[in-house]
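**Q** If you want the building blocks of each chain, they are given just below.
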Amino acid sequence: MSASVSVQDLTKTYPGARKAPAVEAVRGVSFEVAPGEFFGLLGPNGAGKSTTLGCITTLVKPTGGRILVDGLDVVRQPIAAKRRIAVVPQVRNLDRDLTAREVLVYHGRYFGLPAAEREQRADRLLQRMQLQDKAAAKPLTLSGGLQQRLLIARALMHDPKVLLLDEPTIGLDPQARRLLWETLSDLHQQGLTLIMTTHYMEEADRLCQRLAIIDHGVILREGTPAALKQGLPGGQVLDLWLRSAQPLSPHLQQVPGVLRVEPLPADGPDEGERLRLFVDDGALARVLDVARQQGADLKHVSLQPPSLEDVYLQLTGRELRD
Amino acid sequence: MSTFLALLRRDLLVARRAAAFYLVSALTQPILVVLVFGNILPRIGLVADQFRTVMLPGLMSITMLMAGVQGVLMPLMTDLAGTREVDERLLAPIGVRGVALQRVVSGAIQASVAGLLAGPTMMLLMHGVNGLSIHPRWVLLMPLVALSGLLSAAFGLTLGSNVQPRFAGLLFAVVLGPMMLFGCAYYPFASLGVLGPLRFAFLLNPLVFISEAMRAAVTPGVAHMGTALLVAGFLLHLVLFAWLGSRSFEKRTIL
Numbered sequence: 169m170s171a172s173v174s175v176q177d178l179t180k181t182y183p184g185a186r187k188a189p190a191v192e193a194v195r196g197v198s199f200e201v202a203p204g205e206f207f208g209l210l211g212p213n214g215a216g217k218s219t220t221l222g223c224i225t226t227l228v229k230p231t232g233g234r235i236l237v238d239g240l241d242v243v244r245q246p247i248a249a250k251r252r253i254a255v256v257p258q259v260r261n262l263d264r265d266l267t268a269r270e271v272l273v274y275h276g277r278y279f280g281l282p283a284a285e286r287e288q289r290a291d292r293l294l295q296r297m298q299l300q301d302k303a304a305a306k307p308l309t310l311s312g313g314l315q316q317r318l319l320i321a322r323a324l325m326h327d328p329k330v331l332l333l334d335e336p337t338i339g340l341d342p343q344a345r346r347l348l349w350e351t352l353s354d355l356h357q358q359g360l361t362l363i364m365t366t367h368y369m370e371e372a373d374r375l376c377q378r379l380a381i382i383d384h385g386v387i388l389r390e391g392t393p394a395a396l397k398q399g400l401p402g403g404q405v406l407d408l409w410l411r412s413a414q415p416l417s418p419h420l421q422q423v424p425g426v427l428r429v430e431p432l433p434a435d436g437p438d439e440g441e442r443l444r445l446f447v448d449d450g451a452l453a454r455v456l457d458v459a460r461q462q463g464a465d466l467k468h469v470s471l472q473p474p475s476l477e478d479v480y481l482q483l484t485g486r487e488l489r490d
Numbered sequence: 072m073s074t075f076l077a078l079l080r081r082d083l084l085v086a087r088r089a090a091a092f093y094l095v096s097a098l099t100q101p102i103l104v105v106l107v108f109g110n111i112l113p114r115i116g117l118v119a120d121q122f123r124t125v126m127l128p129g130l131m132s133i134t135m136l137m138a139g140v141q142g143v144l145m146p147l148m149t150d151l152a153g154t155r156e157v158d159e160r161l162l163a164p165i166g167v168r169g170v171a172l173q174r175v176v177s178g179a180i181q182a183s184v185a186g187l188l189a190g191p192t193m194m195l196l197m198h199g200v201n202g203l204s205i206h207p208r209w210v211l212l213m214p215l216v217a218l219s220g221l222l223s224a225a226f227g228l229t230l231g232s233n234v235q236p237r238f239a240g241l242l243f244a245v246v247l248g249p250m251m252l253f254g255c256a257y258y259p260f261a262s263l264g265v266l267g268p269l270r271f272a273f274l275l276n277p278l279v280f281i282s283e284a285m286r287a288a289v290t291p292g293v294a295h296m297g298t299a300l301l302v303a304g305f306l307l308h309l310v311l312f313a314w315l316g317s318r319s320f321e322k323r324t325i326l
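Chains as they are written, first to last, in the working numbering: chain A, 169 to 490; chain B, 72 to 326.
Calculated directly from the structure, the hints in this document are not laboratory data. Fair warning: there could be bad hints in the mix.
To be verified - Restricting the straight-line Cα-Cα distance to at most 27 Å, the calculated cross-link-like pairs of lysine-lysine (DSS-like) are:
id, chain 1, residue 1, chain 2, residue 2
1, A, Lys329, A, Lys229
2, A, Lys187, A, Lys229
3, B, Lys322, A, Lys187
4, A, Lys229, B, Lys322
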C-alpha cells in the first residue's frame, strides 16, 4: 500500500529579513506515514517540526524536496491535496464572528458539503466533542480546552484522510489533555491517519505508533517508541542517590558496562549527590561494589528501562532552547 | 467556485450582523460634510449653491472608497495579526489568490451598498435647497457603482497586505486623506485645466475615476470624463491593484 503522506528530502530556508541571516529551518527531512498510522514529530522549540507540518499543509512553501499526500504533490496540486487533509493549528484560529455551530457548518460549506450533510455532521460532531451546549457560543467565550475540541470538530467536518496536529495539548489542563488523548486515540482506531508534533514525551509515547526525533532541521532518529528506547546505549538507566566524601563520577566512569554518567540536580541541600548512569545489563553489581569501595553512603538505587525522555535528551542535548 | 461563494456568504453574514457598525462608519462623514458644505456654507454665502451638485457624487465616491478599503483592510488586519484566522481560508479547497480576490468581492459589495445608501441620504439632507441638480442615469449607475466598489476593495487589499497592522492608523492620515482631497471628489477633473499638465498626475489616484464615474451616472449635467477614458482608467487600476494586492497577500500568508 502506498504511503498516506510521503516527505522526501524536504528543505526550507526562510530568507532573512534585512540584515538578519537566512534561517535553514528544515535541512533534508524524509519520512513516510502509512495509511491509518499515528506518527509523531518530536523535538525542541525551533527544531523544524512546525515548518515541516506547514509544508505538508501547503501553508509553508518548501525550498526543496517533495511532499505527497495520498499520492498528490502538495505544491503542484494544492487544492486536491487540501481536500484530503485537515489541520489543528497551534494557534487557535477559530472564526470569532461565528457561533460554534456556524464555525462547523461554514467549514462544511467551504468544502462543498451539501446542506443536509453539513448540518447533520455539525450536530454529530458537536455531540461527539461534548460541545452541544455551546452550539450558540462565540469561540472566544470558550475555554482553551473547549476551543481545542471545536478545532478538532472543525477539522473533521470535511472527512479528511489525514489529520495534522501542531502541539495540540499546549496550554491545556490535565483533564482537557486526557480527554484530547482519548479523542485522538479513538480517531486513530477508526482508521484516520494522524501526524502530530509535540515536545511532551508522555504524549508521544502514549499516542504515537512511530516517532521521528527532529532537531536543527534534521531527523536524528526514527522508529517506534519502544525501538527508540531500546536503541539507547546500555539499554538500562541506573539512578543513584548517595553521599560521598569525594566525587564518585570519575570512578564509576571506569566500571565496565557503564556507558555514561550524568549528574542530576539534587532535590535539596541534604539530599546528597544524584547520578544517572546509562549501563549495560549486569553492570549494577559492579557499580555498587565500586561505590562501596569508595566509601559512598548509598541512600537509594533504582534501575529502570530508559524513558522516551532519556532518548530525547540524549539526542537533543540538555542545553536550554528559546 | 463553490468555495469562493461559501467564503463570500460567510463575509456577508458577518457584515449583515454588524450592519449598524458599517453604516455608522460609512455614512457619518458624508452626512457631516453635507451639513457643513451643502447647508451651512451655501446659506452663509461662502460657497456657491452649485457646489452641492458637484459635491454629491464626490461624496458618494469617498463613501465607497472608504467602505471598500475598510471592508478588506479590517478583516485582513485580524487575519494577519497573530491569530491567523486566515489559515482556515487558506486551507479551504481554493487557490491562495482566490482567497484574496474573494475578500475583494466581499469588500466591493459592502462598498456598493454604502455608496447606494449615501446618495439618497445626502439628497434627503439637501431636500429643497437651491442648486442641486440630480439626474441619475440608472443604466450607467449600477455597473459603475459595482466597478467603483471593486476598485476600492482591490486598493484596500493592496494597502492591507503591504502594511504592517501597527501602521494601519497611519494609512488614513498619509494615504487615504490625501487621496480624498486630490481625488476630484470636490471638483470635476475637467476643471483642473487651470493646473496645466500637472492635472495628469491626478490620474494616478484611483478615486478620480470613481468620482468621475459617479458624476457621469448621477449628475450628467456637470462636466465629466468620457466613457472610454473612464472604463480604461477603471480597468487599468483594477487589474493593477488586484494583481499587486493578491501577490502581496500570497507573500504575506504563505511563508
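**Q** Hint by hint, note whether the structure agrees.
**A** Right, here's what the structure says about each hint:
| no. | hint | verdict |
| --- | --- | --- |
| 1 | Lys329/A - Lys229/A | holds (21 Å) |
| 2 | Lys187/A - Lys229/A | holds (22 Å) |
| 3 | Lys322/B - Lys187/A | holds (19 Å) |
| 4 | Lys229/A - Lys322/B | holds (10 Å) |
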